[in-house]
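There are 2 protein chains.
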Amino acid sequence: MPNHRVLLASRPNGAPTLENFRIEDAPIPTPGPGEVLLQTLYLSLDPYMRGRMNDGPSYVAPVPIGGVMGGGTVAKVIASNNERFAVGDVVLSSCGWQTHAVSDGKGLRKLDPAAAPVSTALGVLGMPGLTAYVGTLEIGEPKPGETFVVAAAAGPVGATAGQIAKLKGCRVVGIAGGAEKCAYLREELGFDAALDHRAADFPAQLKAACPEGVDIYFENVGGPVLHAVWPLLNNFARVPVCGMIANINLTESPAGPDRSVRMIRDIIIKRLTLRGFIISDHMSQTRDFARDVGGWIAEGRLRYKEDIVAGLDAAPEAFIGLLQGRNFGKLIVQVS
Amino acid sequence: MPNHRVLLASRPNGAPTLENFRIEDAPIPTPGPGEVLLQTLYLSLDPYMRGRMNDGPSYVAPVPIGGVMGGGTVAKVIASNNERFAVGDVVLSSCGWQTHAVSDGKGLRKLDPAAAPVSTALGVLGMPGLTAYVGTLEIGEPKPGETFVVAAAAGPVGATAGQIAKLKGCRVVGIAGGAEKCAYLREELGFDAALDHRAADFPAQLKAACPEGVDIYFENVGGPVLHAVWPLLNNFARVPVCGMIANINLTESPAGPDRSVRMIRDIIIKRLTLRGFIISDHMSQTRDFARDVGGWIAEGRLRYKEDIVAGLDAAPEAFIGLLQGRNFGKLIVQVS
Chain A
18 MPNHRVLLAS RPNGAPTLEN FRIEDAPIPT PGPGEVLLQT LYLSLDPYMR
68 GRMNDGPSYV APVPIGGVMG GGTVAKVIAS NNERFAVGDV VLSSCGWQTH
118 AVSDGKGLRK LDPAAAPVST ALGVLGMPGL TAYVGTLEIG EPKPGETFVV
168 AAAAGPVGAT AGQIAKLKGC RVVGIAGGAE KCAYLREELG FDAALDHRAA
218 DFPAQLKAAC PEGVDIYFEN VGGPVLHAVW PLLNNFARVP VCGMIANINL
268 TESPAGPDRS VRMIRDIIIK RLTLRGFIIS DHMSQTRDFA RDVGGWIAEG
318 RLRYKEDIVA GLDAAPEAFI GLLQGRNFGK LIVQVS
Chain B
18 MPNHRVLLAS RPNGAPTLEN FRIEDAPIPT PGPGEVLLQT LYLSLDPYMR
68 GRMNDGPSYV APVPIGGVMG GGTVAKVIAS NNERFAVGDV VLSSCGWQTH
118 AVSDGKGLRK LDPAAAPVST ALGVLGMPGL TAYVGTLEIG EPKPGETFVV
168 AAAAGPVGAT AGQIAKLKGC RVVGIAGGAE KCAYLREELG FDAALDHRAA
218 DFPAQLKAAC PEGVDIYFEN VGGPVLHAVW PLLNNFARVP VCGMIANINL
268 TESPAGPDRS VRMIRDIIIK RLTLRGFIIS DHMSQTRDFA RDVGGWIAEG
318 RLRYKEDIVA GLDAAPEAFI GLLQGRNFGK LIVQVS
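Sequences listed follow chains A and B, in order.
Every number in the working numbering is 17 more than the matching position in the first sequence, counting from 1.
Every number in the working numbering is 17 more than the matching position in the second sequence, counting from 1.
One should not assume that every hint holds.
With the Cβ distance kept under 10 Å, some of the chain B side facing chain A (calculated, not the full set) [as the list claims (entries may be wrong)]:
id : residue
1  : GLU236
2  : ARG276
3  : ARG288
Some chain A residues judged to face chain B by a derived CB distance under 8 Å, without partners named [said to hold, decoys possible]:
id : residue
4  : LEU24
5  : CYS259
6  : GLY273
7  : SER277
8  : ILE281
9  : ILE284
10 : MET300
Source of the hints: derived by calculation from the structure; they are not laboratory data.
Ideal Cβ positions, reconstructed from N, Cα and C, are used throughout, including at glycine.
Just chain A, same shape as in the assembly (with noise of 0.2 Å):
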């Protein structure tokens, strides 16, 4: 059996394309002293991996051309060198787009299949899920009876940061692209109103769902969606930022006007907070969050949703969806 992984075949310009990945075949490495061997069980695909495709500085180290694709990944020990890990364990680790790969123990973190399913630790009980803790707690700070605005919502950070702000007390309005996303948003997650970004009176929409205006945005989409509700936004508004994945694979800052100006202008009029994160910075809530998710999960108070690839091979199309919104839920790639 080989490790069959995709590497980074060149650079996209602009959105990725199949021809910017390539699959092979390698041998199984081999676990040297105080190493694993990993076998993959789900590969997560998140939108932060079109960051590391480029070779630009960011928070990211860049994927080198030839490389293989970086991500995280819930895997079991199949060999071990090392004496903190049996063979049959499960664990959180960062194998990459590929079916084995060895660790030396640093970073992984063994799982517990009877506390939930383990695919879980790449969602909602994992990096989107804690990004949705801190970027609405932390940073949006909500308050009972205060609106709540969060896109790319039927999504794993979306969905769980409106429901975290729904159990806050929160009017939370979800917006996500098409019918059956957001009928899922209000009818599962309980979410106040539920606006399709693609309609053409979306702005209007948005105004209409959210009378007394905006005081939390969880800015996880830029691009036409940050447009309409930047208008919107109240005094003293909290604008959590975590992503634009509208404006991902830009490569040059688009055509004018520079709306640049008047939204400094209105940070000062409307005293509004933006904040960038990186959850990487926030590991230290993790226990917090773990219990306060694990909790309101167990409670039935909290849902999240899958959707789930079938076969390694199907990532770079998966992943390219992701970035168009295709996918509905974690979008986790179960690799064996």
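Dock chain B against the given chain A, drawing on the hints supplied.
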């Protein structure tokens, strides 16, 4: 003796001109029961007044056409039907651009001419000083060794902000217009560097003056200075946003490219915090501010400069000059 006053004759389209103002005399008003008659000693001229000349929504109500231009003043009580105020009292007040006004006493604050020159209540010990204090300490959160950059640095907000940051152990870089102001910042106020934003190679000079990047950018000008500072911002930089005088006359968004996209991207990647503030929301800090800044002035650790113009008739031209950076120090009109 008439009440000499300056009215808003018409709304400016872009930069104000003398034609937007009209000077006229009116009868001196008579104080009613509970009211006092004030004679203006000093009138403060401030950039925010440009916003009040518009009729769009802002955080201050527009001045009506034909109305007296508003503004903070230091005035003397020359008649009193209010037991809280005696003839001869000097008060911080809001008489606006006129020699006389009546007040019911609300919002008046008695000044002690023995404690400090009363004109300082409009500058370093008034709103501009408090703006610098709140923006620098509460929003900027300066730490020793950090790099603090402020523009309009020879103005009352910038000069005070830079000195406070210096007292807190920061490396302080001031940006101002012209060699004279820059020399003042370096030689009189002890800034570590001072740069003329009009220099052709200003962005390169700024980069050289901030070898370890920028941790706090006290934003009060916008425009090209912001564009030069922005790429130098360090991870976790804080940007207190209190003004954008460079764009204060803009009537619509300038031509592209649309910098807002890169702005949002950098807010994420660098985990920036941008927070707008308006000083009237922070009046609760007045006591701490007066104690700290008053103390630093008394100890000779904080300096200020006033640019005093004689006579109310000079106010329109002085205000136009303020928006062009022609003043040097806190701009005050000596009215009588």
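The hints, checked one at a time:
The interface hint given for B/GLU236 holds, since its Cβ lies 7 Å from the closest Cβ of chain A, which is under the 10 Å cut-off. Annotation: B/ARG276 was flagged as interfacial toward chain A, and the flag holds, the nearest CB pair being 4 Å apart, inside 10 Å. Satisfaction of the interface hint for B/ARG288 is found here, the shortest Cβ-Cβ separation to chain A being roughly 5 Å, below the 10 Å cut-off. For A/LEU24, the shortest C-beta to C-beta distance to chain B is roughly 25 Å, which exceeds 8 Å, and the interface hint is violated.
Hint status for A/CYS259: holds, given a least beta-carbon distance of 6 Å to chain B, under 8 Å. Because the smallest distance between the Cβ of A/GLY273 and any Cβ of chain B comes to about 2 Å, under 8 Å, the interface hint for this residue holds. With 8 Å as the threshold, the beta carbon of A/SER277 comes within range of chain B, its nearest partner Cβ sitting at about 4 Å, so the hint holds. Interface hint status for A/ILE281: upheld, as the beta-carbon distance to the closest one in chain B is roughly 5 Å, under 8 Å.
Given hint, A/ILE284 at the interface with chain B, holds; its Cβ is 4 Å from that chain's nearest Cβ, closer than 8 Å. Annotation: A/MET300 was flagged as interfacial toward chain B, and the flag is violated, the nearest CB pair being 14 Å apart, outside 8 Å.
Consistency note: the structure conflicts with the earlier hints numbered 4, 10.
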